[in-house]
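Number of protein chains: 2
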Amino acid sequence: MVCLVGGTIALRFYVLRFCGVESRAINKYLACKHENAGPDLLRRGSLAESAMVELWLEVESKHFDPAIAPLVYEMVVKPVLGGATDATTVEAQSEKLGKVLDVYEERLRESKYLAGDGYTLADLHHQPYLFYLMQTPKAELVTSRPHVLAWWNDVSARPAWRKTAEGMKFPTSN
Amino acid sequence: MVCLVGGTIALRFYVLRFCGVESRAINKYLACKHENAGPDLLRRGSLAESAMVELWLEVESKHFDPAIAPLVYEMVVKPVLGGATDATTVEAQSEKLGKVLDVYEERLRESKYLAGDGYTLADLHHQPYLFYLMQTPKAELVTSRPHVLAWWNDVSARPAWRKTAEGMKFPTSN
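Protein chains in written order, with this note's numbering: chain U, 2 to 175; chain F, 2 to 175.
Bound conformation, chain U alone (with noise of 0.2 Å):
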């Protein structure tokens, strides 16, 4: 559980049980505690804005990150700890991000955001994974989109975000 006192947020048992998922509402929570401050993440200025980063908020959690999950985990995580990465696995999760992306190419041919035409936190949420899987040979399962190439190249170029990348390097990168 995520104990939200005072505006300051401790870490309780229930984090251990629901390991990784509160990541997304610790986020939110952020983001609105300084909405005033850089690009407008939520739009709750507007009602519907804020249902689009909404929606989009859920299908990279219920669509994008279990496809992606265990494809960077096979690839980049798996060797780290010392383990052989499973080529069907690999297979098989990269065929259900394209489909997936394959929907993503359709809504970027359209807009240039995910949530519409400004950057949102619908958009950052899927920069984490994507900035691993760049770095494999499955990074073809964006490079092959021209929407969510361009896409990526642009979120990925935000100052923030590259300063956030620089922290994130596993220790087998360089």
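Some hints here could point you the wrong way.
Said to hold, decoys possible - Listed below are the simulated SDA-like cross-link pairs for lysine to any residue, each with C-alpha atoms no more than 25 Å apart in a straight line:
id, chain 1, residue 1, chain 2, residue 2
1, U, Lys34, U, Leu150
2, U, Lys113, U, Thr90
3, F, Lys97, U, Pro67
4, U, Lys63, F, Gln128
In case anyone wonders, no lab produced these hints; they're calculated from the structure. This one's a predicted model, so the numbers in the text were calculated from it and none came from an experiment.
Go by the hints and put chain F onto chain U.
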């Protein structure tokens, strides 16, 4: 995709691909749009309270739903469609759901509702599947956990829910 235009919701082709997911985003849109009518489902007036709503919405989406959805499908939906319930799936999903509800039991021991002292969208999102589960022998997953049961009895007794549930009966239900 849910295309929000002038306050109306137009469902477009993305729904066919991401079916069932957008319902959460639609609910949030509606709760936001009507936040001055009825209970305060999102608690947007308080950063800490809204963060707790977001947290439990996320737990529902990522943990509760993947455990209970296949269980209800096997026990309630499949027979209606003429299929046979698979006992192995029922037991495997029951075990998963039990582990999730163990955490809920702890949470509801210290808090009347999931996100805090008041009823929110986080509670509401759990009700449809629980409604069907409670009509099966696996209702014991709820009835064996006193705080989960007390919570269920409370939220399912709400007049708006009782009215909604009347329209949720399957052809084989009374």
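Self-check item: Unsatisfied constraints (hint numbers, rising)
Solution: 1, 2
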